[in-house]
Amino acid sequence: MSEETKSTNNCVLKLEDLTMQFGGVIAVNDLNLEVNQGEIVALIGPNGAGKTTAFNCITGVYEPTNGKVTYLGNTIVENHPQGKMKKLYTGENDGKYSNVVSQTPDKITKIGIARTFQNIRLFKSMTVFENVLIAKHLHMKQNVFSATFRINRAEEKRARMETESLLEEQGLLHLRDELAAGLPYGLQRRLEIARALATSPKLLLLDEPAAGMNPQETQELSDFIKQIRDKYNLTILMIEHHMDLVMYISERIYVLDFGKLIATGTPAEIQNNQRVIEAYLGVAEDA
Amino acid sequence: MKTNNKKNSLLTIFILIGVFVLVFVLEQILPANAMLFTVLQKGVIYALVAVSMNLLNGFTGLFSLGQAGFMLIGAYCYGIFTIPVLERASVYQYFDGGIIKFALPVPIALILAGLAAAVFAALIGIPVLRLKSDYLAIATLGFAEIIRAIFQWDKLGPVTNGSNLLRKFPSFNDFNITDANGAVIIRMSTLVPFIIVGICVLIIVLLINSSYGRAFKAIRDDEVAAEAMGINLFKHKEMSFVISSFFAGVGGALLAMYQMTIQASAFKSNMTYEILLVVVIGGIGSVTGSCIGSFLFIACSEWWLRGLDSGTFLGINAPVIFRSGFRKVVFAVIIMAIVLFYRKGLMGENEFSAYGIRNFFLRIFNKKKGEAKK
Chain A
1 MSEETKSTNN
11 CVLKLEDLTM
21 QFGGVIAVND
31 LNLEVNQGEI
41 VALIGPNGAG
51 KTTAFNCITG
61 VYEPTNGKVT
71 YLGNTIVENH
81 PQGKMKKLYT
91 GENDGKYSNV
101 VSQTPDKITK
111 IGIARTFQNI
121 RLFKSMTVFE
131 NVLIAKHLHM
141 KQNVFSATFR
151 INRAEEKRAR
161 METESLLEEQ
171 GLLHLRDELA
181 AGLPYGLQRR
191 LEIARALATS
201 PKLLLLDEPA
211 AGMNPQETQE
221 LSDFIKQIRD
231 KYNLTILMIE
241 HHMDLVMYIS
251 ERIYVLDFGK
261 LIATGTPAEI
271 QNNQRVIEAY
281 LGVAEDA
Chain B
1 MKTNNKKNSL
11 LTIFILIGVF
21 VLVFVLEQIL
31 PANAMLFTVL
41 QKGVIYALVA
51 VSMNLLNGFT
61 GLFSLGQAGF
71 MLIGAYCYGI
81 FTIPVLERAS
91 VYQYFDGGII
101 KFALPVPIAL
111 ILAGLAAAVF
121 AALIGIPVLR
131 LKSDYLAIAT
141 LGFAEIIRAI
151 FQWDKLGPVT
161 NGSNLLRKFP
171 SFNDFNITDA
181 NGAVIIRMST
191 LVPFIIVGIC
201 VLIIVLLINS
211 SYGRAFKAIR
221 DDEVAAEAMG
231 INLFKHKEMS
241 FVISSFFAGV
251 GGALLAMYQM
261 TIQASAFKSN
271 MTYEILLVVV
281 IGGIGSVTGS
291 CIGSFLFIAC
301 SEWWLRGLDS
311 GTFLGINAPV
321 IFRSGFRKVV
331 FAVIIMAIVL
341 FYRKGLMGEN
351 EFSAYGIRNF
361 FLRIFNKKKG
371 EAKK
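Going down the list, the protein sequences come from chains A and B. This note's numbering numbers the first residue of the first sequence as 1 and each following residue consecutively. This note's numbering numbers the first residue of the second sequence as 1 and each following residue consecutively.
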């Protein structure tokens, strides 16, 4: 079953040679990344660097063209160039992988990887309470008959209690009957994170959680992320553009540019890395 | 808040029971051939099919147009299995009495009709539900047309009676309780369909308010987010599709009972459009809307507007204007008016409740009071 040694260190998520090619464009190129238990790791890079694509490969929205994703020692995604891609593929490590492992996003969520979205994707016609309650659906022991004829009353009650206590912890309980679409922007972000937490994840992927927030809200958010990490025993991988936030809370940073990893290290190391500065600010013509 | 909710749903249940009692009483008082019963019977059947379509279109966000096809399967399944053995020789006169030599009781045949439609739905759902919006609509519409052609196929005659009518199976009138001479003691021919549909709609409402119903609504609101919440898209879409088709099949069987004959050529795509119209007018995403919509639709098309075709309408006799076809013109205008003034259908996404009715009357009352003060 496992020729790969189950890593003795506490690695939660590991990407190996992950490559995603759309037609002739390589969006993510040979990405290697590791996230350890309890860490907050940031994935940064200029717009279009392929950060969200990497997220989509991990969560099963896209099938990567080549490479492997390991979660808690188990391969959850693996692919190699096939079919039309065989000829088109211009990335590296062609032929290194031979298995194909692919799962739909719901399965990935089930094994404990939850995510939020760059552009908020709440269920707009539903209340705050219902939005979180839906995330409880996957862990309820029931089938369609027991649910319809209310034989699962205990399960339903438990799900509702859990939702209520989660909302209380997140300070959203007073808004439980508000429509999700009617909340202010910052609260919608909070609700989306609460909803992701309701799936009981071990690994949380946050896609630009601070997008559109002012400095004060950003500051609050960074404390909030640390809080939930400690409270729910999470490991967090996040994409973010607010450098204050990234430098303040992340233990390690990966920097992507044009799909390629250009730097990795602690916030202090990244701040002084020449290539990162070039990627963000551009290179002077006559430098 | 909670006690209020309980009170509200109790009151709602009482009102619904009142409706059933009213139907029962009316049936005993009025003559059996009153137009009202035609409308009630056909309306309640359309209500069931419209609610089943709403489950798919309104609550799961799958735009499917296969309803007539599933109704046809249900109707045929019911007819084939319930024609009394003695009558089979005359019904299947061109096919040596058919190959099925037994008859099932009505309740079992009704469930079987639903199951047959559900099985077909499960099979075609596998390829078709991978499609989105308009493409799904076209694929399901095509399926319904194919089914209609297959059921008319001569080679299947021993089962389906080819393109000939199926008849002599139990109809709504067989629900009446009669004495030994066949004289009717208690009329049940409208109440029983009401009860059957009531049970079916109740099941759908329970489903919609269950954890699975929430998952359906999540898929409707945002597929990507629903998937990220651990909801298996295909499994839940297939489930909604199969359940919707089950009740469409039952609806088809009831329609067969109402019409007393079954012919495949009657289940045209027109029927699907009528039901879609009911769903849209009633309100996409409202069960009550579909029910109210179907009674209004049937009442208009079968009863209230009939005079427009035959010369006299509301006591005005003007055969020059009110002649054949004028009804459809007026009907079209009414529909356009409804769509213009009620953008989200008559009910929007709201449901029927005792408090809703109270608030509705309070609003009218307050308005009148306000006008009087001026």
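Everything labelled a hint here was simulated from the structure, so no lab data went into it. Positions of the beta carbon are idealized from the N, C-alpha and C atoms, including for glycine. It cannot be assumed that every hint is accurate.
[Stated by the list, open to error] Quick list of in silico lysine-lysine cross-link-like pairs, BS3-like style, CA-CA up to 25 angstroms:
#, chain 1, residue 1, chain 2, residue 2
1, B, 7, A, 124
2, A, 157, A, 87
3, A, 124, B, 344
4, B, 235, A, 110
5, A, 260, A, 84
6, A, 86, A, 96
7, B, 155, B, 6
8, A, 141, A, 84
9, A, 260, A, 96
10, B, 6, A, 107
11, B, 235, B, 268
12, A, 110, A, 84
13, A, 260, A, 110
14, A, 86, A, 226
15, A, 157, B, 101
16, A, 124, B, 235
17, A, 124, A, 84
18, B, 235, A, 157
19, B, 132, A, 107
20, B, 7, B, 132
21, B, 6, A, 157
22, A, 141, B, 328
[To be verified] Below, a sample of chain A positions facing chain B; criterion: calculated Cβ distance under 8 angstroms:
#, residue
23, 59
24, 95
25, 99
26, 100
27, 102
28, 105
29, 121
30, 126
31, 127
32, 141
33, 144
34, 148
35, 149
36, 156
37, 157
38, 241
Structure-based check of each hint:
no.	hint	result
1	7/B / 124/A	violated (29 angstroms)
2	157/A / 87/A	violated (54 angstroms)
3	124/A / 344/B	holds (16 angstroms)
4	235/B / 110/A	holds (15 angstroms)
5	260/A / 84/A	holds (23 angstroms)
6	86/A / 96/A	holds (13 angstroms)
7	155/B / 6/B	violated (57 angstroms)
8	141/A / 84/A	violated (42 angstroms)
9	260/A / 96/A	holds (19 angstroms)
10	6/B / 107/A	violated (38 angstroms)
11	235/B / 268/B	violated (29 angstroms)
12	110/A / 84/A	violated (31 angstroms)
13	260/A / 110/A	violated (30 angstroms)
14	86/A / 226/A	violated (43 angstroms)
15	157/A / 101/B	violated (50 angstroms)
16	124/A / 235/B	holds (23 angstroms)
17	124/A / 84/A	violated (39 angstroms)
18	235/B / 157/A	holds (24 angstroms)
19	132/B / 107/A	holds (22 angstroms)
20	7/B / 132/B	violated (41 angstroms)
21	6/B / 157/A	holds (17 angstroms)
22	141/A / 328/B	violated (52 angstroms)
23	59	holds (7 angstroms)
24	95	violated (31 angstroms)
25	99	violated (23 angstroms)
26	100	violated (19 angstroms)
27	102	violated (14 angstroms)
28	105	holds (4 angstroms)
29	121	holds (4 angstroms)
30	126	holds (7 angstroms)
31	127	violated (11 angstroms)
32	141	violated (11 angstroms)
33	144	holds (5 angstroms)
34	148	holds (5 angstroms)
35	149	holds (7 angstroms)
36	156	holds (6 angstroms)
37	157	violated (12 angstroms)
38	241	violated (21 angstroms)
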